[in-house]
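Kindly produce the complete structure, drawing on both the sequences and the hints.
There are 6 protein chains.
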Amino acid sequence: MDTQELYSRGVAVRKQIFGAEAVDKRMGALGEFGAPLQGLINTYGYGDVWSRPGLERKIRSLVVIGMNAAINRAAEFKVHVNGALNNGCTPEEIREVCLMVALYAGIPAANDAHRIALETIRERGIKA
Amino acid sequence: MDTQELYSRGVAVRKQIFGAEAVDKRMGALGEFGAPLQGLINTYGYGDVWSRPGLERKIRSLVVIGMNAAINRAAEFKVHVNGALNNGCTPEEIREVCLMVALYAGIPAANDAHRIALETIRERGIKA
Amino acid sequence: MDTQELYSRGVAVRKQIFGAEAVDKRMGALGEFGAPLQGLINTYGYGDVWSRPGLERKIRSLVVIGMNAAINRAAEFKVHVNGALNNGCTPEEIREVCLMVALYAGIPAANDAHRIALETIRERGIKA
Amino acid sequence: MDTQELYSRGVAVRKQIFGAEAVDKRMGALGEFGAPLQGLINTYGYGDVWSRPGLERKIRSLVVIGMNAAINRAAEFKVHVNGALNNGCTPEEIREVCLMVALYAGIPAANDAHRIALETIRERGIKA
Amino acid sequence: MDTQELYSRGVAVRKQIFGAEAVDKRMGALGEFGAPLQGLINTYGYGDVWSRPGLERKIRSLVVIGMNAAINRAAEFKVHVNGALNNGCTPEEIREVCLMVALYAGIPAANDAHRIALETIRERGIKA
Amino acid sequence: MDTQELYSRGVAVRKQIFGAEAVDKRMGALGEFGAPLQGLINTYGYGDVWSRPGLERKIRSLVVIGMNAAINRAAEFKVHVNGALNNGCTPEEIREVCLMVALYAGIPAANDAHRIALETIRERGIKA
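Chains as they are written, first to last, in numbering that gives the first Met the number 0: chain A, 0 to 127; chain B, 0 to 127; chain C, 0 to 127; chain D, 0 to 127; chain E, 0 to 127; chain F, 0 to 127.
Treat the hints with care, since some could be wrong.
Restraint-style ranges between C-beta atoms, simulated for each label pair [to be verified]:
(1) C:Glu91 <-> F:Ala21: 27 to 33 Å
(2) A:Ala11 <-> E:Asp23: 33 to 39 Å
(3) D:Ala74 <-> A:Arg121: 27 to 33 Å
(4) B:Gly27 <-> A:Ala11: 52 to 58 Å
(5) F:Glu122 <-> C:Glu55: 23 to 29 Å
(6) E:Gln3 <-> F:Ala74: 41 to 47 Å
(7) F:Glu20 <-> B:Ala73: 29 to 35 Å
(8) B:Lys24 <-> A:Glu55: 31 to 37 Å
The list that follows gives simulated cross-link-like pairs (lysine-lysine, DSSO-like), each with its CA atoms no further than 27 Å apart [unchecked claim]:
(9) B:Lys57 <-> A:Lys77
(10) C:Lys57 <-> F:Lys77
(11) C:Lys57 <-> C:Lys77
(12) A:Lys14 <-> A:Lys77
(13) B:Lys24 <-> A:Lys57
(14) A:Lys14 <-> A:Lys24
(15) A:Lys77 <-> D:Lys77
(16) D:Lys14 <-> D:Lys57
(17) F:Lys77 <-> F:Lys126
(18) C:Lys77 <-> D:Lys57
(19) C:Lys77 <-> A:Lys77
(20) A:Lys24 <-> D:Lys126
(21) A:Lys24 <-> D:Lys77
(22) A:Lys57 <-> B:Lys77
(23) F:Lys126 <-> B:Lys24
(24) E:Lys77 <-> F:Lys24
(25) E:Lys77 <-> F:Lys77
(26) F:Lys126 <-> F:Lys14
(27) C:Lys77 <-> C:Lys126
(28) F:Lys57 <-> C:Lys77
(29) A:Lys77 <-> C:Lys126
(30) C:Lys24 <-> C:Lys57
(31) B:Lys126 <-> B:Lys14
(32) E:Lys24 <-> B:Lys126
(33) C:Lys24 <-> A:Lys126
Since the hints were made in silico from the structure, they are not lab data. In this text, a Cβ means the ideal position worked out from N, Cα and C, and glycines have one as well.
Here is the structure:
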């Protein structure tokens, strides 16, 4: 497959998960400087890995939330809480993942995860 | 609920996930020295969090695999690959999680995860 | 012991360490969404582990400060600097732990730890 | 060599890399409380390791940027992006290091690195 | 560019860095299970990022060594010490990076890095 | 103070903590290649930080054990469990630190810490 097709497929998948406006904003945020990274994210991240069969998108979101909470990447965690909600995850499922974080990455990681997850859920106007 | 009941429920859940023999072996491995930690794991880990509704056990396994791969805990990762297989995850689903690790925690983490996951799957006599 | 008793004991211990107001505020901050995590923290964190004999509370505080500095959890680090001061640790002892962080987790971790520790000590009106 | 000479050499090297004003500000920021850490940084960090032959300063800067991005130390990362520019690294070279971060520490680490690097480069009035 | 061309270019670059035999061995080690990850590594890692102009390959190797030492990935660290030697880095330059690790990721990380680096250098029959 | 005096003081302190034989073995293990790192460890680590008043050596050991367990440095953790025992820490105190690790860095970190701590304690012929 041509990398340009892969890139386009990735942008489409990414917009399905996060919304067109959010993706356009993120893709443009760092201009020329960020273009090569956006290329990697779209082509390989969303055009390739996220487009693979074998694991439903909703589960991918929950796994990504758990990983980002564990490795302490707050900004990425927040982005993927939004993605998880768009992929059909419930606030309860997201909260359960945050509780698993307490067991495997510790209470400080779980505290940060709960705080950001709830803030993000409420920004969406979802009661939780 | 009495903590002893919670402990017993945790041991039962843990044995459903990993098998009675494996759990008995792990619970006894560090004797008196490890008893308080085993108490925490059984009571709070399996008796409480893993026993909660709101997220199916199979998804919990995949999230835990992703987290342990990302935070570089090889022994725990291996234990939970076995648990994931017992919880009905397929080798393909486990592999997809390991590919997500490449995106969010990097290629070195994904290399370690793939190696240990395949080794564990094959030890089970599963073709992959 | 009943988990409710353990929970109550944990809340009492937690309030001894951080003050009733601070604990009430933290326990309520995330409402229903955070309740299960607060349950884990109170029951297992403070009702169980922190309530164990075998290591004095002041030393537990210094160990927790060192761990949180090393794993880069700024919010938890700040909470436990306050706890350490309440547990009778001196600013000098806290500073010595932050210097140990430089050796074992590196200078960037030590810079963050020193900055937050001093800020927290000064918020308490303690000269340092 | 006397540690005081080492300290002085370190301060001189540090000021060559970051500028006298920035270094004076950082050295004084935490007063007495931070003095022992500043002593370690100047004597051992800059007076010893950074003063060693065997690796050019520009390469040291790029390695430090990569390490701090990978271990999630944003403040230190920003400081060393400024140092890298002073040591003759180009915005392109810094960006290439940030892309390497995506491969070895993951996309969330690379996103944070790109954002802070570009912000820092632009604060210097450098077009990128 | 077609992803197959990118893949082929990546394999070629990878073999220049690590040697054909080592790469063939690694590419085949996990069979079908590891094929998608090898695809990511070859296409995006070596065909794309490592093939970019803007940073010389030797510096990329030193940055990757520093990052892997800091994030505690021993297997990947060892692979890239070999790559660094093939890319023209001297044992002294590799050692200097390992000393920078002490400053930014701590002495435990530096101890592991020095041990593995020297072992790898000696396996090559290089005196150090 | 002359750095050579600081180095000598550091070697003396280090030998008090770990024993002369163990220190001589570690100092010589990496020959010329490791000499600059050993210089940093002896001069700054033990001659400076570990020699500071303000925190008793026994507490420093327990903090270092907690930090190394949290950041996943098994070799350094083991070295400092031996040091802690030499500094008068009891197996019970070391075990309590390992239980704190479960709360703040997660169960996988606590499992590794308990396993290595008990193995090390038993190698000393201490019943636990």
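Okay, the hints, checked on the actual structure:
1. C:Glu91 <-> F:Ala21: 27 to 33 Å: This hint holds: roughly 30 Å between Cβ atoms.
2. A:Ala11 <-> E:Asp23: 33 to 39 Å: 36 Å, holds
3. D:Ala74 <-> A:Arg121: 27 to 33 Å: Holds - the Cβ-Cβ distance for Ala74 (chain D) and Arg121 (chain A), about 29 Å, lies within 27 to 33 Å.
4. B:Gly27 <-> A:Ala11: 52 to 58 Å: 53 Å, holds
5. F:Glu122 <-> C:Glu55: 23 to 29 Å: 27 Å, holds
6. E:Gln3 <-> F:Ala74: 41 to 47 Å: 43 Å, holds
7. F:Glu20 <-> B:Ala73: 29 to 35 Å: Roughly 31 Å apart at Cβ, these two residues keep to the hinted range, so it holds.
8. B:Lys24 <-> A:Glu55: 31 to 37 Å: Because 34 Å falls inside the window, the suggested range holds.
9. B:Lys57 <-> A:Lys77: Holds: Lys57 (chain B) and Lys77 (chain A) sit about 24 Å apart, inside 27 Å.
10. C:Lys57 <-> F:Lys77: 24 Å, holds
11. C:Lys57 <-> C:Lys77: 16 Å, holds
12. A:Lys14 <-> A:Lys77: At roughly 16 Å apart (the allowed maximum being 27 Å), Lys77 (chain A) and Lys14 (chain A) satisfy the hint.
13. B:Lys24 <-> A:Lys57: Since the Cα atoms of Lys24 (chain B) and Lys57 (chain A) sit roughly 35 Å apart, the hinted pair is violated (cutoff 27 Å).
14. A:Lys14 <-> A:Lys24: This hinted pair holds, its Cα atoms lying about 11 Å apart.
15. A:Lys77 <-> D:Lys77: 22 Å, holds
16. D:Lys14 <-> D:Lys57: Measuring from Cα to Cα gives roughly 15 Å; hence the hint holds.
17. F:Lys77 <-> F:Lys126: 17 Å, holds
18. C:Lys77 <-> D:Lys57: Given that 27 Å is the threshold and the Cα spacing comes to 35 Å, the pair is violated.
19. C:Lys77 <-> A:Lys77: Since the Cα atoms of Lys77 (chain C) and Lys77 (chain A) sit roughly 22 Å apart, the hinted pair holds (cutoff 27 Å).
20. A:Lys24 <-> D:Lys126: Holds: Lys24 (chain A) and Lys126 (chain D) sit about 21 Å apart, inside 27 Å.
21. A:Lys24 <-> D:Lys77: With Cα atoms ~23 Å apart, Lys24 (chain A) and Lys77 (chain D) stay inside 27 Å; holds.
22. A:Lys57 <-> B:Lys77: 24 Å, holds
23. F:Lys126 <-> B:Lys24: Holds - the C-alpha atoms of Lys24 (chain B) and Lys126 (chain F) are around 21 Å apart, at most 27 Å.
24. E:Lys77 <-> F:Lys24: Roughly 23 Å between the alpha carbons, so the hint for Lys77 (chain E) and Lys24 (chain F) holds.
25. E:Lys77 <-> F:Lys77: 22 Å, holds
26. F:Lys126 <-> F:Lys14: Holds: Lys126 (chain F) and Lys14 (chain F) sit about 24 Å apart, inside 27 Å.
27. C:Lys77 <-> C:Lys126: Distance ~17 Å between Lys77 (chain C) and Lys126 (chain C) Cα, so the pair holds.
28. F:Lys57 <-> C:Lys77: The given pair, whose Cα atoms are some 24 Å apart, holds under the 27 Å limit.
29. A:Lys77 <-> C:Lys126: 38 Å, violated
30. C:Lys24 <-> C:Lys57: 23 Å, holds
31. B:Lys126 <-> B:Lys14: Holds: Lys126 (chain B) and Lys14 (chain B) sit about 24 Å apart, inside 27 Å.
32. E:Lys24 <-> B:Lys126: 21 Å, holds
33. C:Lys24 <-> A:Lys126: Given that 27 Å is the threshold and the Cα spacing comes to 21 Å, the pair holds.
In this structure, the hints that do not hold are numbers 13, 18, 29, in rising order.
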